[in-house]
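There are 2 protein chains.
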Amino acid sequence: MPRTLTHLADGRELIYFDTALTQRRPEGDSRRIAPRSDVPQLRHDPLADEWVVIAGHRMDRTFLPAADDCPLCPSREGHLTEIPCPDYEVVVFENRFPSFTGSGDSLIYGGEGLFETRPAAGRCEVVCFTSDHDGSFARLDAARARLVIEAWADRTAELSALPGIAQVFVFENRGEAIGVTMRHPHGQIYAYPFVTPTTRAHLTSVRRYREETGRNLYDDLVRAELDDGRRVVLESQHWVAFVPFAARWPVEVHLYPRRRVPDLAALSPEVRDDLAEAYLDLLRRGDAFFGIPLPYIAAWHQAPVREQRDDAALHLELFSVQRAVDKLKYLAGSESAMGAFVNDREPESIAQRLREGGGA
Amino acid sequence: MPRTLTHLADGRELIYFDTALTQRRPEGDSRRIAPRSDVPQLRHDPLADEWVVIAGHRMDRTFLPAADDCPLCPSREGHLTEIPCPDYEVVVFENRFPSFTGSGDSLIYGGEGLFETRPAAGRCEVVCFTSDHDGSFARLDAARARLVIEAWADRTAELSALPGIAQVFVFENRGEAIGVTMRHPHGQIYAYPFVTPTTRAHLTSVRRYREETGRNLYDDLVRAELDDGRRVVLESQHWVAFVPFAARWPVEVHLYPRRRVPDLAALSPEVRDDLAEAYLDLLRRGDAFFGIPLPYIAAWHQAPVREQRDDAALHLELFSVQRAVDKLKYLAGSESAMGAFVNDREPESIAQRLREGGGA
Numbered sequence: 001m002p003r004t005l006t007h008l009a010d011g012r013e014l015i016y017f018d019t020a021l022t023q024r025r026p027e028g029d030s031r032r033i034a035p036r037s038d039v040p041q042l043r044h045d046p047l048a049d050e051w052v053v054i055a056g057h058r059m060d061r062t063f064l065p066a067a068d069d070c071p072l073c074p075s076r077e078g079h080l081t082e083i084p085c086p087d088y089e090v091v092v093f094e095n096r097f098p099s100f101t102g103s104g105d106s107l108i109y110g111g112e113g114l115f116e117t118r119p120a121a122g123r124c125e126v127v128c129f130t131s132d133h134d135g136s137f138a139r140l141d142a143a144r145a146r147l148v149i150e151a152w153a154d155r156t157a158e159l160s161a162l163p164g165i166a167q168v169f170v171f172e173n174r175g176e177a178i179g180v181t182m183r184h185p186h187g188q189i190y191a192y193p194f195v196t197p198t199t200r201a202h203l204t205s206v207r208r209y210r211e212e213t214g215r216n217l218y219d220d221l222v223r224a225e226l227d228d229g230r231r232v233v234l235e236s237q238h239w240v241a242f243v244p245f246a247a248r249w250p251v252e253v254h255l256y257p258r259r260r261v262p263d264l265a266a267l268s269p270e271v272r273d274d275l276a277e278a279y280l281d282l283l284r285r286g287d288a289f290f291g292i293p294l295p296y297i298a299a300w301h302q303a304p305v306r307e308q309r310d311d312a313a314l315h316l317e318l319f320s321v322q323r324a325v326d327k328l329k330y331l332a333g334s335e336s337a338m339g340a341f342v343n344d345r346e347p348e349s350i351a352q353r354l355r356e357g358g359g360a
Numbered sequence: 001m002p003r004t005l006t007h008l009a010d011g012r013e014l015i016y017f018d019t020a021l022t023q024r025r026p027e028g029d030s031r032r033i034a035p036r037s038d039v040p041q042l043r044h045d046p047l048a049d050e051w052v053v054i055a056g057h058r059m060d061r062t063f064l065p066a067a068d069d070c071p072l073c074p075s076r077e078g079h080l081t082e083i084p085c086p087d088y089e090v091v092v093f094e095n096r097f098p099s100f101t102g103s104g105d106s107l108i109y110g111g112e113g114l115f116e117t118r119p120a121a122g123r124c125e126v127v128c129f130t131s132d133h134d135g136s137f138a139r140l141d142a143a144r145a146r147l148v149i150e151a152w153a154d155r156t157a158e159l160s161a162l163p164g165i166a167q168v169f170v171f172e173n174r175g176e177a178i179g180v181t182m183r184h185p186h187g188q189i190y191a192y193p194f195v196t197p198t199t200r201a202h203l204t205s206v207r208r209y210r211e212e213t214g215r216n217l218y219d220d221l222v223r224a225e226l227d228d229g230r231r232v233v234l235e236s237q238h239w240v241a242f243v244p245f246a247a248r249w250p251v252e253v254h255l256y257p258r259r260r261v262p263d264l265a266a267l268s269p270e271v272r273d274d275l276a277e278a279y280l281d282l283l284r285r286g287d288a289f290f291g292i293p294l295p296y297i298a299a300w301h302q303a304p305v306r307e308q309r310d311d312a313a314l315h316l317e318l319f320s321v322q323r324a325v326d327k328l329k330y331l332a333g334s335e336s337a338m339g340a341f342v343n344d345r346e347p348e349s350i351a352q353r354l355r356e357g358g359g360a
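Which chain is which? The protein sequence lines are A and B, in order.
Going by this note's numbering, the residue at position 34 of the first sequence is 34; the numbering climbs one at a time, nothing skipped.
Going by this note's numbering, the residue at position 234 of the second sequence is 234; the numbering climbs one at a time, nothing skipped.
Among these hints, one or two may not hold up.
What the hints assert, rightly or not - Stretches of chain B that chain A covers, calculated by requiring three or more beta carbons in the stretch to come under 8 Å of a beta carbon on chain A:
(1) 179–191
(2) 200–209
(3) 326–332
(4) 344–352
Claimed, not checked - Partial chain B-side listing against chain A, Cβ under 10 Å, derived:
(5) 55
(6) 172
(7) 176
(8) 194
(9) 319
Since the hints were made in silico from the structure, they are not lab data.
The beta carbon of each residue, even a glycine, is placed where N, CA and C say it ideally should be.
Turn these sequences into a full structure, and let the hints steer you where they fit.
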């Protein structure tokens with residue numbers, strides 16, 4: 001599928017992904033916007049042994065702009081946007097208000113001083129997958145979803161090759177209940193200079209499990225869920241989705257390829273084809289869950305770029321804060337302060353409802 | 001200070017804490033409510049190596065009742081509440097919709113099977129500190145705040161002595177933006193059957209730091225913040241508050257006693273007296289931050305009941321999701337899925353604003 005690289009007026013990269021080569025790209029960005037010079041900072045929390053990004057400039061980021069002022073719509077006469085083109089299929093560009101930017105070294109944990117800082121090196125990208133301001137991923141057709149997957153895989157490979165990148169995270173925040181600041185549907189990609197705390201914790205368990213059993217924990221988990229069956233939501237030729245046994249969220253489902261791979265770039269074309277269908281199916285079951293557009297976080301867990309690639313398992317974790325049609329789950333004291341989750345829904349009943357929502 | 005134990009109609013314990021002995025307690029609870037038989041379950045997440053509570057009955061819990069139907073107001077003719085008394089100072093009772101209940105063994109990590117469950121043994125309590133439905137902790141007087149501290153210490157000691165309890169967590173969720181389901185101001189106490197993930201992570205760092213340096217990480221952190229000074233918010237005779245160097249939240253401040261103790265029960269009367277003033281001062285600075293009642297989580301980190309008590313440090317972490325007067329910070333993809341926090345505010349500027357809000 002054709003891929004066209006261009007640059008925005010302030011020097012940021014923008015890439016069009018198309019199902020067929022067209023004559024209309026690239027067009028130049030004729031806006032007058034200056035490169036941003038503010039660099040976010042990483043600070044090490046010595047108690048949690050985690051890096052925190054301090055990004056003061058993001059306070060000024062675009063916040064719920066009106067539809068006719070949307071920076072993710074195609075450009076038109078009198079309204080120049082981030083996408084200098086009258087239409088697009090899939091387009092990826094560097095975030096104007098990044099949490100990570102520039103190059104640096106990848107970071108390890110266990111810092112030395114109590115007040116350690118680093119530049120927040122890395123990269124943040126925005127993934128626009130429809131020019132329809134009121135659209136959603138779930139309403140894409142399979143061909144478009146397939147093109148998005150191609151873009152995800154492309155970006156994963158390219159960002160992984162940048163110096164200092166430790167993990168590439170492809171995700172979508174959907175809905176204002178999740179904190180989305182722009183209503184136009186879009187995904188994001190964060191290329192981190194460290195392995196994220198969640199991935200680090202998972203891979204610690206995976207390593208211990210391998211030492212104890214000689215087997216891979218992800219493989220055994222997927223097998224055990226299929227054998228048990230009560231939490232399985234869908235199975236396709238190459239993909240399996242289930243509500244995890246210890247689900248944290250009132251709606252939560254994980255999607256794994258049947259054959260373990262480290263990241264999206266490692267998926268074969270055939271498995272990508274099947275993913276387009278399976279992912280759309282899952283998102284539509286999500287919207288059917290309460291009969292409203294489900295606010296969700298769709299998070300692709302990928303192997304770190306430089307370690308434990310043989311152990312890790314690409315998978316999607318899709319979850320929502322919606323706990324009833326008119327109620328949200330909040331991360332309050334137990335979750336936010338102590339990391340101890342309380343889920344008001346039984347995983348088996350979440351799975352049943354997601355299974356029944358099929359085809360909606 | 002007098003402490004009066006009684007029981008609610010369904011058998012739950014309720015304890016009045018008073019500044020002076022009164023004749024009016026206890027009165028019987030004349031409601032007809034049956035004991036709840038639903039027991040929440042713990043499930044082990046083998047990837048994160050964490051216990052998750054599955055508590056389906058909590059879906060039915062009281063949700064933002066109208067003021068004249070508030071279960072935390074004192075009882076009056078025709079409106080019997082959780083507190084069978086026409087007025088109260090501080091009262092603590094078992095939560096009717098607990099995340100943890102009943103007795104069991106305390107749990108360790110590194111479970112064996114992939115689908116491990118346990119009863120969610122433990123205890124959840126509600127702490128009412130004012131009969132004023134529209135009040136707030138920040139508007140208590142120092143004598144009342146001092147009485148609350150007495151109740152916290154009492155509960156910490158008593159719950160720690162129960163079999164199977166691994167950690168006692170005293171906290172307050174304030175504001176609907178935090179997910180509070182009852183507007184009447186109140187705090188909570190969770191007695192967990194496991195050491196929470198956050199505490200476990202902190203104490204892992206503390207243990208490693210001791211092995212490497214022979215010193216205590218908390219002691220060195222407090223000393224370093226005082227020496228640096230830029231993030232210090234207030235100092236009293238026995239307490240020190242500062243914005244942590246790697247703050248995760250747009251408003252965040254930590255409060256430590258100058259002399260390290262494991263938990264609230266270990267504080268001397270004199271240090272408790274001083275805490276009443278310091279804590280009220282801090283909360284009032286919080287409300288002055290944006291000039292609105294600040295939604296916050298106030299979380300007391302205490303030593304585990306049965307391990308590492310010599311290493312741990314009682315301290316309060318007070319933080320808010322409010323990132324501007326009209327904007328909230330949400331835990332979206334990077335935070336909720338990957339555990340990687342991005343803060344839009346610089347810790348030094350948070351501290352400066354909290355310092356300037358003094359006396360408000």
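Hints versus structure:
Under a criterion of three residues with beta carbons nearer than 8 Å to beta carbons of chain A, the stated coverage of the stretch 179–191 of chain B is upheld, 4 such residues being counted. With 7 residues having a Cβ less than 8 Å from any Cβ of chain A, the stretch 200–209 of chain B passes the three-residue criterion, so the hint holds. Closer than 8 Å: that is the beta-carbon criterion, and the stretch 326–332 of chain B has 6 residues meeting it against chain A, so the requirement of 3 holds. Under a criterion of three residues with beta carbons nearer than 8 Å to beta carbons of chain A, the stated coverage of the stretch 344–352 of chain B is upheld, 5 such residues being counted.
At about 6 Å, the closest approach between the beta carbon of residue 55 (chain B) and any beta carbon in chain A falls short of 10 Å, and the interface hint on this residue holds. Given the 10 Å rule on beta carbons, the hint for residue 172 (chain B) holds: about 8 Å separates it from the nearest Cβ of chain A. A cut of 10 Å between beta carbons decides the hint on residue 176 (chain B): the least distance to chain A is about 9 Å, and the hint holds. The closest approach between the C-beta of residue 194 (chain B) and any C-beta of chain A is roughly 8 Å, which is under the 10 Å cut-off, so the hint is satisfied.
This hint holds: residue 319 (chain B) has a C-beta 8 Å from the nearest C-beta of chain A, less than the 10 Å allowed.
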